[in-house]
Amino acid sequence: MFITLLDSLYQQPIIHAVRDSVVVDTLRHAGAATGHGGSEGNVFTQLLNHLLDSRDIEFQPFTHFSFPQFPTVHIFGLTIDLSITKHVFYMWIAALVLIAIAVTAARQNRKRRVPTGIGNLIEIIIVFIREEIVLPNMGQEGMKYISYLLTTFFFILTMNLLGLIPYGVSSTGNISITAGLAIVAFCMIQVAAIRKQGFRNYLAHLTGGVHWALWPILIPIEIIGLFTKPFALCIRLFANMTAGHLVLVSLAGLIFMFRSYAIAPASVLFMLGINLLEFLVALLQAFIFTILTALFMGIGIQGGHEEENSY
Amino acid sequence: MENLVYGYVAAGISAALTVIGAAYGISKLAAATMEASGRQPEVAGQVRFSMIIAAALIEGVTFFALVICIILATK
Chain A
613 MFITLLDSLY QQPIIHAVRD SVVVDTLRHA GAATGHGGSE GNVFTQLLNH
663 LLDSRDIEFQ PFTHFSFPQF PTVHIFGLTI DLSITKHVFY MWIAALVLIA
713 IAVTAARQNR KRRVPTGIGN LIEIIIVFIR EEIVLPNMGQ EGMKYISYLL
763 TTFFFILTMN LLGLIPYGVS STGNISITAG LAIVAFCMIQ VAAIRKQGFR
813 NYLAHLTGGV HWALWPILIP IEIIGLFTKP FALCIRLFAN MTAGHLVLVS
863 LAGLIFMFRS YAIAPASVLF MLGINLLEFL VALLQAFIFT ILTALFMGIG
913 IQGGHEEENS Y
Chain B
97 MENLVYGYVA AGISAALTVI GAAYGISKLA AATMEASGRQ PEVAGQVRFS
147 MIIAAALIEG VTFFALVICI ILATK
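As you go down the protein sequences, you meet chains A and B in turn. In terms of this note's numbering, the first sequence opens at residue 613 and continues consecutively. In terms of this note's numbering, the second sequence opens at residue 97 and continues consecutively.
Worth flagging that the hints you see were computed from the coordinates, not collected in a lab. Note that the Cβ used here is the ideal one computed from N, Cα and C, for glycine as well. Possibly wrong hints are sitting among the right ones.
Claimed, not checked - Derived DEER-like restraints, expressed as beta-carbon distance ranges:
#1 Ile911(A) / Ala112(B): 33 to 41 Å
#2 Ile164(B) / Gly885(A): 26 to 34 Å
#3 Val822(A) / Ile109(B): 37 to 45 Å
#4 Leu708(A) / Ala112(B): 42 to 50 Å
Work out the full structure, taking the sequences as your base and the hints as a guide.
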């Protein structure tokens, strides 16, 4: 589980390299565009702050404190801003929660033959991932990568679930964080393929066994194909998390738009339903990220041997 | 001012088309799953498992289009 901590430390520079990403801009525009209604624009912008990254953290009626800001770093023409924001802070909280749970579970499981309590819960999930995700897709070879896949699953699950508690924020609603996860997944997919097949075979699979005259056409297509899969992983996780919270924010904003208390019971009931759906989506998206990474790694591993798996 | 109006109309129509495409695909998927589970109940668990993966992939593509619609509607 030190991988979790390393993960969160590595992702920090990436997070702020795209601080003014397109989607943040568009959501801010959305807040400003409704602003010519006057007060309802302000309310929408305030509600949107639940979704967006910000440099200070507010516990609404109580306190409000700002994070330390670091000066921007200029590397290779890129301006990277390594200051701490809300999403980074919640990512660290997710990492700490996960380390605490994992260490407790491991200690309990070491002491007793039959696991009970939280060790039992974690063991059920780990066995599920091993039996359903790792072994069918990657075979025995996959046991080398199981710690990475378990880290991915639990880390994404924890970050998603933290957004559903009061005053919590889903860190995976930030495209930079999911981009960091997708970059690590991309590296692991190439590592799995290269380790099993050898570097020369891996390059040979990029050409795909056609006549050498077609290589200038085929190789760029294959290289782009290498990048689209982790890109889809990134966008899928980010959009699922952000869309869910956006619906919640919009339902809350309905009350302000109608300016009456009569709409409140219906709106809160809908919000309750969507919140329960969000629990399902949190679990499902963590599972989907993990199983797709395992699937792509399995394709890379089996590309050397062309053997059938148990499906 | 005219061009902004076209942007909003396009965003609305494309969001609707996206949802139509996704709902059609996932409904075909669910229908096939029900049929397969009915024919052979002992593989119902595996079929359901594969259905969830395929549904998540289809929804992933839907969210690409949705993000573009949101960008179009607010710029």
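Now for the hints, and whether the structure bears them out:
{"no.": "1", "hint": "Ile911(A) / Ala112(B): 33 to 41 Å", "result": "35 Å, holds"}
{"no.": "2", "hint": "Ile164(B) / Gly885(A): 26 to 34 Å", "result": "27 Å, holds"}
{"no.": "3", "hint": "Val822(A) / Ile109(B): 37 to 45 Å", "result": "41 Å, holds"}
{"no.": "4", "hint": "Leu708(A) / Ala112(B): 42 to 50 Å", "result": "43 Å, holds"}
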